[in-house]
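Chemist: In the order they appear, the protein sequences are chains A and B. All the letters of the first sequence, read from the start, carry residue numbers 0 to 415 under numbering that gives the first Met the number 0. All the letters of the second sequence, read from the start, carry residue numbers 0 to 415 under numbering that gives the first Met the number 0.
Please keep in mind that the hints were generated in silico from the structure rather than gathered at the bench. The model shown is predicted, which means the values in this text are computed figures rather than measured ones. A couple of the hints might just be wrong.
As the list claims (entries may be wrong) - Here are some chain B residues the structure puts well away from chain A; computed CB gaps all over 10 Å: (1) D18; (2) E23; (3) D73; (4) T78; (5) E99; (6) A161; (7) E197; (8) A212; (9) M286; (10) I291; (11) K367.
As the list claims (entries may be wrong) - Distance ranges between label pairs, derived from CB positions: (12) B:P108 - A:A161: 48 to 58 Å; (13) A:L172 - B:G296: 49 to 59 Å; (14) B:A247 - A:L17: 28 to 38 Å; (15) B:L88 - A:G250: 50 to 60 Å; (16) A:R104 - B:P215: 17 to 27 Å; (17) A:Q82 - B:R170: 33 to 43 Å.
Claimed, not checked - Partial chain A-side listing against chain B, Cβ under 7 Å, derived: (18) R183; (19) S298; (20) V330; (21) R393.
Quick reminder that beta carbons are idealized off the backbone N, C-alpha and C, glycines included.
2 protein chains.
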Amino acid sequence: MKLEIVTIGTELLLGHTLDTNAAELGRALAAVGAEITRRATVPDRPEAIRSAVAEALERTGFVLTTGGLGPTGDDLTKTVVAQLLERRLVLDPHLLAGIEARFQRLGRPMPELNRSQAEVPEGATILPNPRGTAPGLWVEDARGRVAVLLPGVPREMRGLLADEVLPRLERRLQGGTRRVVRSRTLRTTGIAESALAERIGPIEGEIAPLTLAYLPSPDGVDLRVTAWRLEETEAAARLAEAGDRLRAPAGEHWYGDDGADLAAVVLDALRRGRHRLGIAESCTGGMVAERITAIPGASDTFIGAVVAYADVIKTAALKVPLAVLEAHGAVSEETVRAMAEGAQRLFAVDAGLAVTGIAGPGGGTPEKPVGTVWLAARVHTTTRAVKRVFPGDRDEIRRRGAQAALDLMRRVLAEA
Amino acid sequence: MKLEIVTIGTELLLGHTLDTNAAELGRALAAVGAEITRRATVPDRPEAIRSAVAEALERTGFVLTTGGLGPTGDDLTKTVVAQLLERRLVLDPHLLAGIEARFQRLGRPMPELNRSQAEVPEGATILPNPRGTAPGLWVEDARGRVAVLLPGVPREMRGLLADEVLPRLERRLQGGTRRVVRSRTLRTTGIAESALAERIGPIEGEIAPLTLAYLPSPDGVDLRVTAWRLEETEAAARLAEAGDRLRAPAGEHWYGDDGADLAAVVLDALRRGRHRLGIAESCTGGMVAERITAIPGASDTFIGAVVAYADVIKTAALKVPLAVLEAHGAVSEETVRAMAEGAQRLFAVDAGLAVTGIAGPGGGTPEKPVGTVWLAARVHTTTRAVKRVFPGDRDEIRRRGAQAALDLMRRVLAEA
Numbered sequence: 000m001k002l003e004i005v006t007i008g009t010e011l012l013l014g015h016t017l018d019t020n021a022a023e024l025g026r027a028l029a030a031v032g033a034e035i036t037r038r039a040t041v042p043d044r045p046e047a048i049r050s051a052v053a054e055a056l057e058r059t060g061f062v063l064t065t066g067g068l069g070p071t072g073d074d075l076t077k078t079v080v081a082q083l084l085e086r087r088l089v090l091d092p093h094l095l096a097g098i099e100a101r102f103q104r105l106g107r108p109m110p111e112l113n114r115s116q117a118e119v120p121e122g123a124t125i126l127p128n129p130r131g132t133a134p135g136l137w138v139e140d141a142r143g144r145v146a147v148l149l150p151g152v153p154r155e156m157r158g159l160l161a162d163e164v165l166p167r168l169e170r171r172l173q174g175g176t177r178r179v180v181r182s183r184t185l186r187t188t189g190i191a192e193s194a195l196a197e198r199i200g201p202i203e204g205e206i207a208p209l210t211l212a213y214l215p216s217p218d219g220v221d222l223r224v225t226a227w228r229l230e231e232t233e234a235a236a237r238l239a240e241a242g243d244r245l246r247a248p249a250g251e252h253w254y255g256d257d258g259a260d261l262a263a264v265v266l267d268a269l270r271r272g273r274h275r276l277g278i279a280e281s282c283t284g285g286m287v288a289e290r291i292t293a294i295p296g297a298s299d300t301f302i303g304a305v306v307a308y309a310d311v312i313k314t315a316a317l318k319v320p321l322a323v324l325e326a327h328g329a330v331s332e333e334t335v336r337a338m339a340e341g342a343q344r345l346f347a348v349d350a351g352l353a354v355t356g357i358a359g360p361g362g363g364t365p366e367k368p369v370g371t372v373w374l375a376a377r378v379h380t381t382t383r384a385v386k387r388v389f390p391g392d393r394d395e396i397r398r399r400g401a402q403a404a405l406d407l408m409r410r411v412l413a414e415a
Numbered sequence: 000m001k002l003e004i005v006t007i008g009t010e011l012l013l014g015h016t017l018d019t020n021a022a023e024l025g026r027a028l029a030a031v032g033a034e035i036t037r038r039a040t041v042p043d044r045p046e047a048i049r050s051a052v053a054e055a056l057e058r059t060g061f062v063l064t065t066g067g068l069g070p071t072g073d074d075l076t077k078t079v080v081a082q083l084l085e086r087r088l089v090l091d092p093h094l095l096a097g098i099e100a101r102f103q104r105l106g107r108p109m110p111e112l113n114r115s116q117a118e119v120p121e122g123a124t125i126l127p128n129p130r131g132t133a134p135g136l137w138v139e140d141a142r143g144r145v146a147v148l149l150p151g152v153p154r155e156m157r158g159l160l161a162d163e164v165l166p167r168l169e170r171r172l173q174g175g176t177r178r179v180v181r182s183r184t185l186r187t188t189g190i191a192e193s194a195l196a197e198r199i200g201p202i203e204g205e206i207a208p209l210t211l212a213y214l215p216s217p218d219g220v221d222l223r224v225t226a227w228r229l230e231e232t233e234a235a236a237r238l239a240e241a242g243d244r245l246r247a248p249a250g251e252h253w254y255g256d257d258g259a260d261l262a263a264v265v266l267d268a269l270r271r272g273r274h275r276l277g278i279a280e281s282c283t284g285g286m287v288a289e290r291i292t293a294i295p296g297a298s299d300t301f302i303g304a305v306v307a308y309a310d311v312i313k314t315a316a317l318k319v320p321l322a323v324l325e326a327h328g329a330v331s332e333e334t335v336r337a338m339a340e341g342a343q344r345l346f347a348v349d350a351g352l353a354v355t356g357i358a359g360p361g362g363g364t365p366e367k368p369v370g371t372v373w374l375a376a377r378v379h380t381t382t383r384a385v386k387r388v389f390p391g392d393r394d395e396i397r398r399r400g401a402q403a404a405l406d407l408m409r410r411v412l413a414e415a
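The whole structure should be built from the sequences, with the hints applied where relevant.
Modeler: Here it is in structure tokens:
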């Protein structure tokens, strides 16, 4: 089934509120097989709400709204939708008693304003909202078109969605064959979007009717494959097959699926090899260690890190020879190798990871422009060092540097 | 002037991506006095993009789109909009040369796919995008209707908006009386939302007609004051006045306005006192150093950090006496004081900052539950240590710990 979402609230258009409901609705509805074909955000104005809801009903016959159900003057959704579906608003005594009881529990008199929250379009199904005063509403018109009205407060919206809306949608969908929308993501790093597309383009047709999206970020390019409106087991089988097909051309750049975190992948590989890790960072300033320690239980494998920001710390703590620094500079293969070795020695571990570079905006030279980063991963007595030149601003160069450092360790461990 | 926004991307509807562009566009456009009357999100399908853009142009004559400008097969915006506005796509040799040069700088051949990014609707104004390969486009049709096409990558969108789109809009708007929506944010930390509201409640009426919003996050509570549709100089004057009124009750918890970053505030204070900083972190795993080094030019003040994750590093690198660790544990006042002193000594600096705690999910005890964090800031020979017990999950406890560490140093420096 297809449906549209209308999000109501001037605050959302002004950008003072981030619309987290939208993403949550998207995930939850896709999971039960409902396809959102459009989402509109409109201000708290009756004519704007009216036209957006009317158009959505025209196109799909099913609209879900969030927001505009509160007790104040800018809460208009219920009135507008009732008019549109030609239903009168009637006072529901049950609802009114519930709202009065709620205020009694809080030890406050019920403001007259809240009485309007007990009015519902005639014939509507009331979706109880134990988390707030505004109930959700499920309104169906004579032509079978449905408008579901939910409050905009994320906690209340989420509760009503899970408790009331999704079960009803699933029942509706069980009549026909239940079709779902399912995605799988292959995560890659160290390869540009267009280079990845050149590798994958020739086989892109083979995964049809599944669709493929390239999602680039400073961490790499995610490949998201989506199965649309297929029966559940078929969707799973096709996604598995598509994943296998895409993994081959992605090659060594693929490091995991779905929510895989490269730091967790590296930590797991270190554990499997019974390695312990020490880190030496310069331009990334602690970001590599921060990513490793974000993972619960990292302390069994990660011993420590030095952020050797000043060169004096590279020589004092990491024992990078002063002669190396003077001859080759802080951003060089020789220095990064000595840093990895120094981390290994300082933390008395068998795996050392090091990164040094120029994150900018200052400090670049024609030979070593901003974005130049040297990385080294050392396991036992073998060191692998690589140079990368990253695009972007300081933050992006640092993020790319941290990700590339983790990726280098992943590759070295895979070959060991 | 009124305009509509069309956000393009199946990912956004599926809820895999949070639409941060939407909020950013809302704030920026409101600030120059443009009113967003609707925002629509549509999937990467030509007919969906076409109808949303056509309807928006019909209603307001001005549409701004984000997304769908990349080099791959799911990037359709330019083609669809060109058809809709009856413009052919033509290859721009200048753009092509720029894209080729970009790949050359990165030392990689340009994939053939990227060539399509140099095609533009005939007569369109090209908005240069130094942050990526897809330029923005400003396309005007024979009837004076305008479509502005921006890439969806937030960093690129933001740059094009500020450098190219807002100046053009401001020129268009200079005709009528210009009313603006302006906000100012006061940033606080170390005080709960409800405690702050108790302090501020009594004077909240004094800032009318400006409105006040409390925005809590793991970093603290931001106070956002907004002036709605006032003439520009009046908005500025009222915001300045409201800021002054609110700063008094916020007291020592206030650390800066608008985009102020606590790490930058601390770095500035260190510079003013000609201090140099060394850091010792345990549970935050590099996050404090990462935040300091995110600031360009930090290297003049920040020397280095040790992430002493294993206790053996606390004794070996930071010289925390084994007896202290054994008697009081790694998460204790005695240990955190010794860590701050150790950082001062190891990095040969006059300012040492240390944090040690239990980020969870494991490791808590009845006496030291998950969330217990000890912090110490040492300047010259004076150390101040505090204990906090933070709510939230591992990530939130770490973020709160890093913020509290920076805040402790800010307060110690303010008193020095």
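Chemist: Honestly, which of those hints from before does the structure not fit?
Modeler: 1, 2, 3, 8, 9, 10, 15, 18, 20
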